[in-house]
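Asks: Chain residues, written in single-letter form:
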Amino acid sequence: MITPTDETELAAAIAQADGPLSITSGGTRGIATAGTGLSTRAMTGVTLYEPGALTMVARSGTPLDEVQSQLVKEGQQLAFEPADYRGLLGTNGAPTLGGAFASNSSGPRRVQAGAARDFLLGVRFVDGRGTVLKNGGRVMKNVTGYDLVKLMAGAHGTLGVMSEVSFKVLPKPECTGTLVWEGLAPAQSLQVFTAAMRSPFDVTGAARVPSQGDAPSQTMIRLEGFESSVQYRMQQLQKKLQGIAQPQSLLDADALWRMVRDVEPFHGQVGAVWRSSIKPSDMPAFIDRIPGDHLVDWAGGLVWSLVDPSLDLRGLRGGIGGHSTLVRSANGVQPFARFEPQPSPLETLAQGLRTEFDPRGILNPGLMG
Amino acid sequence: MEMPKPDAMVLRQKAKLVAELSNILPADAIISDLAETRAYECDALTAYRCPPMLAVLPETTQQVADVLRICHANNVPVVPRGAGTSLAGGALPTADCVILGVARMNDVLETDYDNRIIRVQTGRTNLSVTGAVEDEEFFYAPDPSSQLACAIAGNIAMNSGGAHCLKYGVTTNNLMGVTMVLMDGSIVEIGGEHLDAGGLDLLGVICGSEGQLGVVTEATLRILHKPEGARPVLIGFDSNEVAGVCVSDIIKSGILPVAIEFMDRPCIRACEAFAKAGYPDCEALLIVEVEGSPAEIDEQLSRIVEIAERHSPVDLREAKDADQAGRIWLGRKAAFGAMGQINDYMCLDGTIPVSTLPDVLRRIGELSREYGLDVANVFHAGDGNMHPLILFDANQEGQLETCEALGAEILKLCVEVGGCLTGEHGVGVEKRDLMLHQYSADDLEAQLRIKDVFDPKWLLNPAKVFPLSVTATRRNA
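As they're listed, the protein sequences go chains W and X. Using the numbering used here, count along the first sequence one by one with no gaps and you end on 402. Using the numbering used here, count along the second sequence one by one with no gaps and you end on 1613.
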């Protein structure tokens, strides 16, 4: 495993590579391609933090824990809620900033605050030629030239290896309120999500946890802000949703949202885990069509499915659009492509970009197509 | 402004091209008469003009595809055009180009409130997207100040922002899918009704690519339910520095206002003379707006007022109702008109780290004196997006050139303190030659390679974004 300690060493390692590199950071997200290991985990440290400008700059291998402990001192947070995959995948190590951005990992607040890619302001990275490049910067509004920042977010290291990221942070809300309905069917959960999202109450989470054993399913709505405001909006939403049944209202139930973010109900469960991004209103039909357990996030727009490992979930989706990623397969055997193949004109463009940024095809080859 | 020499071969083919286009477009969609093509000779950066060889106004994605296929086969450059409101010359024609205007494509294709999306043809204006959904209490968040006129096509090309993006983000954060035509005429669909598009984030790189990678004909946009209400507070200070610290303190306190606008003394005076909004005569003025129910607004405003009072403001006015709110915004919204009445002006759009604000304002003042032209500052302080307005007299020989030189110095200053050349207007032709101040040759080369993939013949929106010297080899290939 090559573990460069700075950008210069990283560039040298890539320039001198004579075969495929398996790019990782903390190694917690279960991405491992064939080739010599190259990890950014030794490139660590926050280099700039301006709470008054809501911005931070850090090296890509910086553990998320370290970032969060600095942010919490100023009452701020990573609003996109990157997931911790260790429990789901049985991996060790420490999740890093670079890993969170390279995989565009976004949790429940995605419905309101946006995805990881929406918070990434600038990148420094090394392309497959070994050239050090930068794009974007550390300011929130920047349209100077093409946006390679978004392109790097979610590219899983296939276009370049990030050495430094700058990103936007947000205030951590003073108070969190959660409304929980028990035992709703998927179609009723969707009704709750839709009504909540079609309200002026600035919902920051809308999720459904499947029934487990004797425990009924839980449909959850999150509101954040000052306490009086959270209380007010919880009451207003309950009034709006009167027809559906009485929810419990909880304050500061962060553990519930961590459970959704990290897909805790599927930890240690046998089966393959898929992650599907779909049109929210398709959620009940999706659950109906795919045999297995389903945890729903993003007001219906994200479904985590625990299914039989031999099942090709994509084939069963039928007319439901979007895309599905195989996050965990049984026994490490990957019977289906991890990422959903793209329609051919998009794949041609993606292949063109990979060839330009990584002409030798050495950065996580084959991972994304 | 140096533009590439028109291709004589292309110009000679004009009649043939018109004939080919006539097979796919109605006669009134092809504009070839010199007097009529003049309507497309510039955008809102009126200092530079050049009538195109032709202009076409297709009505469907298929027609756009056919136009591009024909131009591609004939090696004719194409300049896409939304509503022509670019302040950066993003739609400036070349003499040998076809202007492809999407103005006739302005239909709403689908509204879906349950999934919180709207799909529109991209010739539709920004404000009319909100207009199409406001009966259901929804709105489209990005709000560039040209929103009455500007088209979604141009918003996507420039990744437009607005006053309210501190909370709601800019175009790229509200764009979920596009139908786009590549220069060779092929039609691609990216993203759609689901939140995260699959594969590489092509949507992210298309948004803000200034019409150089493809022509976006349809867009799926995120729409949001309106908040219950919004109200601003106006705070006056006797120094820019203190106003800057106050902005930072508000943000650090955990409140996220939807807008924080900043005006300096020259701007306050001009706006006051023009709009008579009753602004205090002070060094710096902040307008901070928050959203929510009446009680939520009261609570947030009271916290903001408490923070502001720690900095000894010279004036502080909390809007109690819509009328008072309107008066607070009146002057700010008149800023550009007010400047236009005094003088010609050039509006810059660099972004700086918020912490460098007082220092940058001081240095802009020094540059202003050095060059002998007044500069008024009005900008989105929450996100550091400056809008220095350089006042000049176009009728006085040499003043435009002096103004441009001062503008370049101010933008270089933005980059020097850790910011960028443009926060929301785009590079266009206006800032293209400054790109090497922000990016190394390698950084630019990486961007050019993206263009190589989408538009290998380099025909779409030529001579924009990058210095001509950097793109010469590719353009002449």
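These are calculated hints, taken from the structure and not from any lab test. Nothing here was measured: the structure is a model prediction, and the numbers come from that model. Some hints here could point you the wrong way.
Claimed, not checked - One-sided excerpt, in silico: chain X residues whose CB lies under 8 Å from chain W:
#	residue
1	T1247
2	V1306
3	G1335
4	G1344
5	S1491
6	P1494
7	T1558
8	Q1574
9	A1577
10	D1579
11	A1608
Claimed, not checked - Selected chain X positions facing chain W (Cβ under 10 Å, derived; list incomplete):
#	residue
12	A1144
13	M1145
14	Q1149
15	A1151
16	V1154
17	L1161
18	D1164
19	A1165
20	H1447
21	S1448
22	V1450
23	T1487
24	E1581
Glycine is no exception: its CB is placed at the ideal position from the N, C-alpha and C atoms.
Asks: Confirm or reject each hint.
Replies: A quick look at each hint next to the structure:
{"no.": "1", "hint": "T1247", "result": "12 Å, violated"}
{"no.": "2", "hint": "V1306", "result": "6 Å, holds"}
{"no.": "3", "hint": "G1335", "result": "5 Å, holds"}
{"no.": "4", "hint": "G1344", "result": "5 Å, holds"}
{"no.": "5", "hint": "S1491", "result": "5 Å, holds"}
{"no.": "6", "hint": "P1494", "result": "12 Å, violated"}
{"no.": "7", "hint": "T1558", "result": "5 Å, holds"}
{"no.": "8", "hint": "Q1574", "result": "6 Å, holds"}
{"no.": "9", "hint": "A1577", "result": "11 Å, violated"}
{"no.": "10", "hint": "D1579", "result": "6 Å, holds"}
{"no.": "11", "hint": "A1608", "result": "18 Å, violated"}
{"no.": "12", "hint": "A1144", "result": "31 Å, violated"}
{"no.": "13", "hint": "M1145", "result": "28 Å, violated"}
{"no.": "14", "hint": "Q1149", "result": "28 Å, violated"}
{"no.": "15", "hint": "A1151", "result": "33 Å, violated"}
{"no.": "16", "hint": "V1154", "result": "29 Å, violated"}
{"no.": "17", "hint": "L1161", "result": "24 Å, violated"}
{"no.": "18", "hint": "D1164", "result": "32 Å, violated"}
{"no.": "19", "hint": "A1165", "result": "26 Å, violated"}
{"no.": "20", "hint": "H1447", "result": "13 Å, violated"}
{"no.": "21", "hint": "S1448", "result": "19 Å, violated"}
{"no.": "22", "hint": "V1450", "result": "22 Å, violated"}
{"no.": "23", "hint": "T1487", "result": "4 Å, holds"}
{"no.": "24", "hint": "E1581", "result": "8 Å, holds"}
In terms of the numbered hints stated before, the structure departs from hints 1, 6, 9, 11, 12, 13, 14, 15, 16, 17, 18, 19, 20, 21, 22, listed from lowest to highest.
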